Amino acid sequence: MSAMPTITYNFGYLDEQTKRMIRRAILKAIAIPGYQVPFASREMPMPYGWGTGGVQVTAAILGPDDILKVIDQGSDDTTNAVAIRSFFAATAGVRTTTRTKEATIIQTRHRVPETKLGPEQILVYQVPIPEPLRFLEPRETETRTLHALADYGLMHVKLYEDIARHGHIATTYAYPVMVAGRYVTDPSPIPKFDNPKLDDCPALQLFGAGREQRIYAIPPHTRVVSLDFEDHPFRVQRFDRPCALCGAEDVYLDEVILDDRGGRMFVCSDTDHCDQRRAAGHAGTMAPQGAPKGTSKP
Amino acid sequence: MYVAVKGGETAIRNAHALLAEARRGDPAVPEIGIDQIREQLALAVDRVMAEGSLFDRDLAALALKQARGDTIEAIFLLRALRTTLPRFGAALPVDTATMTLRRRISATFKDLPGGQLLGPTFDYTHRLLDPALATQTPAAPAPAAKATPKVSAKAASKAAGKAAPKPPMGETSTPAAPVPRVTDLLGDEKLIEPAPADTGAEPPDLTRTPLAFPADRATRLQNLARGDEGFLLALGYSTQRGYARTHPFVGEIRIGEVEVELFVEELGFAVPLGAVSVTECQMVNQFHGTAEAPPQFTRGYGLVFGQSERKAMSMALVDRAMRWEELGETLSAPAQDAEFVLSHSDNVQSTGFVEHLKLPHYVDFQAELGLVRLMRGAHAAASDALQDGDPE
Amino acid sequence: MASPPLAMGFADPARDAQRVFKALMSALARPGRKQRLAARLSPPPPLTPELAAVALTLLDFETAVWLDAPLAGAPAVSDFLRFHAAPRIIAAPHDADFALISDAARMPPFEVFAQGTPDYPDRATTLLVQVAKLATGALRLEGPGIAGRVGVSAAPLPDDFPARIAANAAGFPLGIDLFLIAPDAVVGLPRSVRLAEGN
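Residue numbers (UniProt numbering), protein chains in the order written: chain A, 1 to 298; chain B, 1 to 392; chain C, 1 to 199.
Just chain A, with the same shape it has in the complex (with noise of 0.2 Å):
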């Protein structure tokens, strides 16, 4: 048979040239803080919809010296969540990390960690319909109007049908946030819960939607608001316990299912959060007696 082309790689996958067109749309995403800027999304070695746009926004910034932490679902040992960190591992030879204060880069899925994030670090959100207005308006070239006009009459037509159907507004996740005064934005299918963390966040929060093409992002210290009404404000969820394994409060809880009988618990979603709160002394009610990292395996 005939030879195979060498097959190289770049440091982060993707080639110079690809970054470069990442990084351009990066910074235009910037400076027009909440809206969607299309970019030439490339196909990664990882399926779209599982955190392309995520994995080209990180490859794109990650440099020698960052620490990337990645999560999916609030923790480092999901599947996908392992599968990225080992790539970038593997590809780029960065220094990983699941403990979010020591992270420079924290790519996630779904949530916002529960640990304050700090000035020098980067959030990089997996988006996988960067449209706010997409399920109200299914197309592309009506949705760029309304942005274009700051018509966002369609959404709050929506949220208030909610209220009038159900006696509140019946979103409870990629709940949608006005960014800086001007564009209405997708926070990511994150709970709620986290929204009110997007705003004046000092951390720079970066968004990639991979099979969408649109990279958008918040600038630190940027006013987020989630939509509301007046006599129906925003509220976030909250759990009438804390976590079964560290006691915390005002933290989202995984509710898991111990058995057949209705069994059932509920602990942190955040799994770095708990595993700190955990080797701080703190415990919950179902706490294991003498394994405060709750690392042991099942």
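If you're looking for bench data, these hints aren't it; they were derived computationally from the structure. Careful, some of the hints might be misleading.
[Claimed, not checked] On the chain A side, residues computed to face chain B include the following (Cβ under 7 Å):
(1) Arg139
(2) Glu140
(3) Gln237
These numbers come from a predicted model, not from an experiment. For glycine and all other residues, C-beta sits at the position ideal for the given N, C-alpha and C.
Given the coordinates of chain A, assemble chains B and C onto it according to the supplied hints.
Here is chains B and C on its own, set in the frame of chain A:
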């Protein structure tokens, strides 16, 4: 006692090992070679090259092997490599009028200059499983190139159970000689709209520029050429069933090899890079005329890597349907809606997003669970209140 | 006579470009705040090493670049850019993705550059401006990326620079974005920055 689930890394490692084992199958069966896939599953290789947008038979065969025969997975593998390859420039437009033909048919004329050349087609085979293929036999010699049209035409008519027709003129044509395109023959009489003029403008590159709407025809064709065969087939079919009917005739389908040339600035002339196999379909569609312009047939165009008539024909149908605005027709069907078609044609994108539903979504589900419980609580309270208020 | 040897580009393209980009990104995300910018290049004058490093980080064959008179007047500068980045060097500032400006005091009015469109505000020119000095100073700014207010000063700049920034902000989301590039440091002034009260 519950502890947070760990072990994602181990689970992934194990899954990779199991995949490698499943890919190999029974180790007692000899491992399949890339050369065997390239030579004997050539149409699968062609589809992977076409939708992977990369003409390299060995890499496509490798991708098919690695993907365990899953075409879309193989296309994805090829695309993920292609995207990292450096660009040296854009080739000159290929001239399909000069291609070396392996197959060339027209449905609009019984006979025409250059003839009808059946070539290697399933068209007139009886779809009966052939037990002879279940055993390994030495390959039978193929008919000589010059005799191909004759043999094929006779075999075809025989297979179709009809009396052999008058031998077509094609019998005397040598495949290597330039064969005029049917659309050029119609064009000489101005019976068909002219092909769009070559403006000399740099062609769009969808892999380097994000798709934006409205998309020009060059962009649409590029998108369709990479688009999923099944998706385009369904859309093309829908136009035949009345969803934006365009009265199509196959003006011509030609399959063969065409030279690719690159103009080198430093040399001041074009140098040949080699040949690629393509399938071209020129669809001749419903005439169109206005008060100013006399009636003319219109065009739908399809061009794909390798041998794939199904894809090239579907592409030509959908291309024509999407030209509704330019031709003064009304928008009434999905196949005409460029924004809909182009946004959903890419199978690497669509398979990724459909399959991403496998990923954990428990954080958002928890949010919905909380809301449904809340609403059920409110509903129950409201029903109770209603019952309490009922006079006994 | 043989032409003089071409100045070198990045020694380590992937890592050098990443470091420069990180400085640019931080500068734009925190307008008015100086970010360190190290450049180990010796480009032909009047291109400074820092502006050269920024150019090699952002420009390539997919970008159109406009050069101000002193840069356009130095063929060695165009040769350097073409060899290392291959941008399209164009004469019309309105079509430029990037504008390279060496004579900051005489930079053209912002309006001559692409401002973006209401549908695509990102299709606007980014100005890369060489300055001699950057410091915290009297130009008080606020907006996204700034906690409270920040003061910046740079020299040389046109006298009406504050008014230009104010007018640029007034057109948001349209407008140009600008980097002030000094030896060892860069400051970003995206279109989102506004003059604070009391300037």
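To see whether the hints hold, each was checked on the structure:
The closest approach between the C-beta of A:Arg139 and any C-beta of chain B is roughly 6 Å, which is under the 7 Å cut-off, so the hint is satisfied. Hint status for A:Glu140 relative to chain B: holds, with the closest Cβ pair at about 6 Å, below 7 Å. Residue-level restraint check for A:Gln237 holds (minimum Cβ-Cβ distance to chain B is 6 Å; threshold 7 Å).
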